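Enquirer: Residues per chain are reported as follows:
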Amino acid sequence: MTHRAAILAGCLLAFASCTPEDSVVMPDDASYGLPAGTTPLAPASRKVLEGVYQVIDNAKPFGEFLVLRWSYVATGTDTTHYLSMFGARGVCYFILEGARSDSTVHFSGYWRRMTSFETGNASFTISPTNGGRAVTALSPRAQRDTLTITGRYDNGNGTQAETLNLRYLRPLYITTPFAIIAHRAGGRNSDLLPASENTVDMALHAERFGANGIEIDVRMTTDNVPILFHDEDLNLRLNIKNGLTGPVESYSYVQLQAFVRLLHGESIPTLKEVLDAVIDRTNLRIVWLDMKSARPSMSAVRAVQRAAMARANAQAALGKRNPLVILIGLPDEEKVDEYMTLPDRAEAYAICELGLDQVRRTSATVWAPRWTMGTPPADVAQMHAEGRKVLVWTLDVPQYIAQFVQQGELDGILSNYPSSVAFMYFARPPQ
Amino acid sequence: MTRSYTFRAFLGILGAVALLLMVNTASAQEPSARPPGIASPAPLRLWQWELSIGLSLSTLPRVIVEEELNQSPALDLRSRLGLPWGFSADARLLIQVLTNHFEFGGSWSFAIGRFAVSLGDNSAWWFGFLTIDGFDNSANGWLNYPNVSLGYDFGRFRVVLRAEMLLVLSFRSYAGDYLLSSDKNGFGGFSSSVTIEQPFWKNTHVLIGFKASYLKYFYQSWFTYETFNRYLFIPELSFGFIL
Numbered sequence: 060m061t062h063r064a065a066i067l068a069g070c071l072l073a074f075a076s077c078t079p080e081d082s083v084v085m086p087d088d089a090s091y092g093l094p095a096g097t098t099p100l101a102p103a104s105r106k107v108l109e110g111v112y113q114v115i116d117n118a119k120p121f122g123e124f125l126v127l128r129w130s131y132v133a134t135g136t137d138t139t140h141y142l143s144m145f146g147a148r149g150v151c152y153f154i155l156e157g158a159r160s161d162s163t164v165h166f167s168g169y170w171r172r173m174t175s176f177e178t179g180n181a182s183f184t185i186s187p188t189n190g191g192r193a194v195t196a197l198s199p200r201a202q203r204d205t206l207t208i209t210g211r212y213d214n215g216n217g218t219q220a221e222t223l224n225l226r227y228l229r230p231l232y233i234t235t236p237f238a239i240i241a242h243r244a245g246g247r248n249s250d251l252l253p254a255s256e257n258t259v260d261m262a263l264h265a266e267r268f269g270a271n272g273i274e275i276d277v278r279m280t281t282d283n284v285p286i287l288f289h290d291e292d293l294n295l296r297l298n299i300k301n302g303l304t305g306p307v308e309s310y311s312y313v314q315l316q317a318f319v320r321l322l323h324g325e326s327i328p329t330l331k332e333v334l335d336a337v338i339d340r341t342n343l344r345i346v347w348l349d350m351k352s353a354r355p356s357m358s359a360v361r362a363v364q365r366a367a368m369a370r371a372n373a374q375a376a377l378g379k380r381n382p383l384v385i386l387i388g389l390p391d392e393e394k395v396d397e398y399m400t401l402p403d404r405a406e407a408y409a410i411c412e413l414g415l416d417q418v419r420r421t422s423a424t425v426w427a428p429r430w431t432m433g434t435p436p437a438d439v440a441q442m443h444a445e446g447r448k449v450l451v452w453t454l455d456v457p458q459y460i461a462q463f464v465q466q467g468e469l470d471g472i473l474s475n476y477p478s479s480v481a482f483m484y485f486a487r488p489p490q
Numbered sequence: 006m007t008r009s010y011t012f013r014a015f016l017g018i019l020g021a022v023a024l025l026l027m028v029n030t031a032s033a034q035e036p037s038a039r040p041p042g043i044a045s046p047a048p049l050r051l052w053q054w055e056l057s058i059g060l061s062l063s064t065l066p067r068v069i070v071e072e073e074l075n076q077s078p079a080l081d082l083r084s085r086l087g088l089p090w091g092f093s094a095d096a097r098l099l100i101q102v103l104t105n106h107f108e109f110g111g112s113w114s115f116a117i118g119r120f121a122v123s124l125g126d127n128s129a130w131w132f133g134f135l136t137i138d139g140f141d142n143s144a145n146g147w148l149n150y151p152n153v154s155l156g157y158d159f160g161r162f163r164v165v166l167r168a169e170m171l172l173v174l175s176f177r178s179y180a181g182d183y184l185l186s187s188d189k190n191g192f193g194g195f196s197s198s199v200t201i202e203q204p205f206w207k208n209t210h211v212l213i214g215f216k217a218s219y220l221k222y223f224y225q226s227w228f229t230y231e232t233f234n235r236y237l238f239i240p241e242l243s244f245g246f247i248l
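Going down the list, the sequences are from chains A and B. Numbering of the first sequence is given in the numbering used here, commencing with residue 60 and proceeding in unit increments. Numbering of the second sequence is given in the numbering used here, commencing with residue 6 and proceeding in unit increments.
Simulated from the structure, these hints should not be mistaken for lab results. The structure displayed is predicted, hence computed values, not measured ones. Backbone N, C-alpha and C define an ideal beta-carbon position, used for all residues, glycine too. The reader is advised that the hints may include incorrect statements.
[Claimed, not checked] Have a look at the derived ranges for each label pair, beta carbon to beta carbon: (1) B:Y157 / A:R148: 29 to 37 Å; (2) A:D81 / B:P89: 46 to 54 Å; (3) A:R419 / B:R67: 47 to 55 Å.
[What the hints assert, rightly or not] Partner residues are not named here, just some residues of chain B that face chain A (Cβ under 8 Å, in silico): (4) R50; (5) W52; (6) L65; (7) R67; (8) E71; (9) G118; (10) T136; (11) D141; (12) N142; (13) A180; (14) G181; (15) Y183; (16) F233.
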């Protein structure tokens, strides 16, 4: 009897000690969808809508201002454009698709607050008299002073709709290029996003979250294929239960493909697969390769980097995309030593996380100090004087992001919350 | 989500109570004097002073720490001093070096037969610092814990159930030269715990406790600068000798 009770008690304890799998259910209420018979917006119409908008009612949930910015994902010859709205309150964003019917502009999609489970449906309209006529004209005019977007959102399927109306305030703050780099190709698994971290699908989401660059974690298989995987070991934080255990780098690429699926069902991608998707399907400008491998990896990664940059910049020369910089990360002395053996390192691009001496020794293009040190302004000025850029990692605290952005000394921020960085940067008042 | 966590916490506490009672039964000691009480809400005699020393181990949620260190034991000192009219002054120090938590407050207790109940309120000041390679950080803050305890005296040992709320009064952190002052005046979560005070060896008594917390903010994770605004499960085991 005592034994049975002990087993029961043990089971209760074990059950209570397991945190249930958290998830965010993507809202999909059809009543928020685009009306039938709409047609895509022209590129010039999309462009004229970008800017900083003032929330003219109901500013409490998302903040007083929203930043509106477009991005796209290409699939073969088809391209889908997304209008993202970034707010200040609780790391929130909207991701919408837009279309027109006559002189009315429609948007449909969802919103999300990344620090919590909050999400919901959203739809917006620009009526002909509120600026829709000007936006949809053959030559859209920048009569944005009267541009008003009216809309509604809810807190999930079946919940009551709230109104959200915006008025155009000013253009986006865009001066010197500022790197907004999304961690792990777009976000961590713990942020409960629609794709697993370090995957092609996540990289395709990154621009919708406000990023213009991504950071990805590179490891090597036993047969020397560079793959993306953050942790040293296979584990249930990153992959579905599969019977394999131990270091991910103790398996061949074929074994990983056959047996391992990530949390959203994806296979572990190769570095080449992700870079190909970035080049062909996005307009991202920066890829930061965080060299996590415990095995020699620099030669193989350098070969992939060289080929990918050549292909991306050939496309950029034709005006098909932005130029792309792929930076090889140097997180420790071991990787620095390995990097120094590259015969063509003078042409390689590197991002060094160590001290200034190592930055100079490696001729790294970018210095990336950890933000937790604070940023010594003298060192930043020195790096700039030497023609290098300075990025900090991995910064998520909104107050700090605001502080760093307002100081204006850095060239970019790596964050799990690129939408926060995008809001802080683009919403800055003109100087 | 919260309802699910509460249900799990309830089951966990039931399991913990049953397990600890069985451990107690299995390791039956010879009858001893009525055990002193640190966690117990039983009223103390005037100026009666109780003290315990032990260890406490919390597990930080995987979503915050990922691969990094998620468990770090803390030296756990508790004290309770009997005051007039059923009041007592309570204090607890949790020392982890990188993070330290000094809690003090008071409670009012009364007993009905073998049952005892106390209502209390504790405040805590905590501070942490991290100056290893790549970090130049420190933080501190004020917390408040309104609490209620229910105890039952089985004679040879006592079982204590306790529920407490966490109110985050203030929080300040520094990175290098930068100061971030972020007042978080608000509800930070809730905890429930079960503790057993029982004889251990001769006249020595020990306390064994399990605490299940559902917190939006856990001070021991300050150095991760996590920004989640959602309840995370944090288990804590504690063991102490009552001196």
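Enquirer: So, for every hint listed, does it hold in this structure?
Expert: Here is what the structure says about each hint:
Under the hint 29 to 37 Å, the C-beta atoms of Y157 of chain B and R148 of chain A, about 47 Å apart, miss the expected range. Range check, D81 of chain A to P89 of chain B: about 49 Å between beta-carbon atoms, so the 46 to 54 Å window is met. A beta carbon spacing of about 39 Å between R419 of chain A and R67 of chain B contradicts the range 47 to 55 Å that was offered as a hint. Taking 8 Å as the C-beta contact cut-off toward chain A, the hint placing R50 of chain B at the interface is violated, the least distance being around 35 Å.
Interface restraint check: W52 of chain B against chain A, minimum CB-CB distance 39 Å, threshold 8 Å, status violated. Look at L65 of chain B: its Cβ only gets to about 12 Å from chain A, farther than 8 Å, so that hint breaks. For R67 of chain B, the interface hint holds, the least distance from its beta-carbon to any beta-carbon of chain A being 6 Å, beneath 8 Å. Hint status for E71 of chain B relative to chain A: holds, with the closest Cβ pair at about 7 Å, below 8 Å.
The closest approach between the C-beta of G118 of chain B and any C-beta of chain A is roughly 26 Å, which is over the 8 Å cut-off, so the hint fails. About 10 Å separates the beta-carbon of T136 of chain B from the nearest beta-carbon of chain A, more than 8 Å, and the hint is not met. For D141 of chain B, the interface hint holds, since its Cβ comes within 8 Å of a Cβ in chain A; the closest pair sits about 5 Å apart. This hint holds: N142 of chain B has a C-beta 5 Å from the nearest C-beta of chain A, less than the 8 Å allowed.
Checking A180 of chain B against chain A: minimum C-beta separation of about 5 Å stays under 8 Å; hint holds. With 8 Å as the threshold, the beta carbon of G181 of chain B comes within range of chain A, its nearest partner Cβ sitting at about 2 Å, so the hint holds. The beta carbon of Y183 of chain B is positioned within 8 Å of a beta carbon in chain A (closest approach about 5 Å), and the interface hint is therefore held. Of the supplied interface hints, the one on F233 of chain B holds, with its beta-carbon coming within about 6 Å of a beta-carbon of chain A, less than 8 Å.
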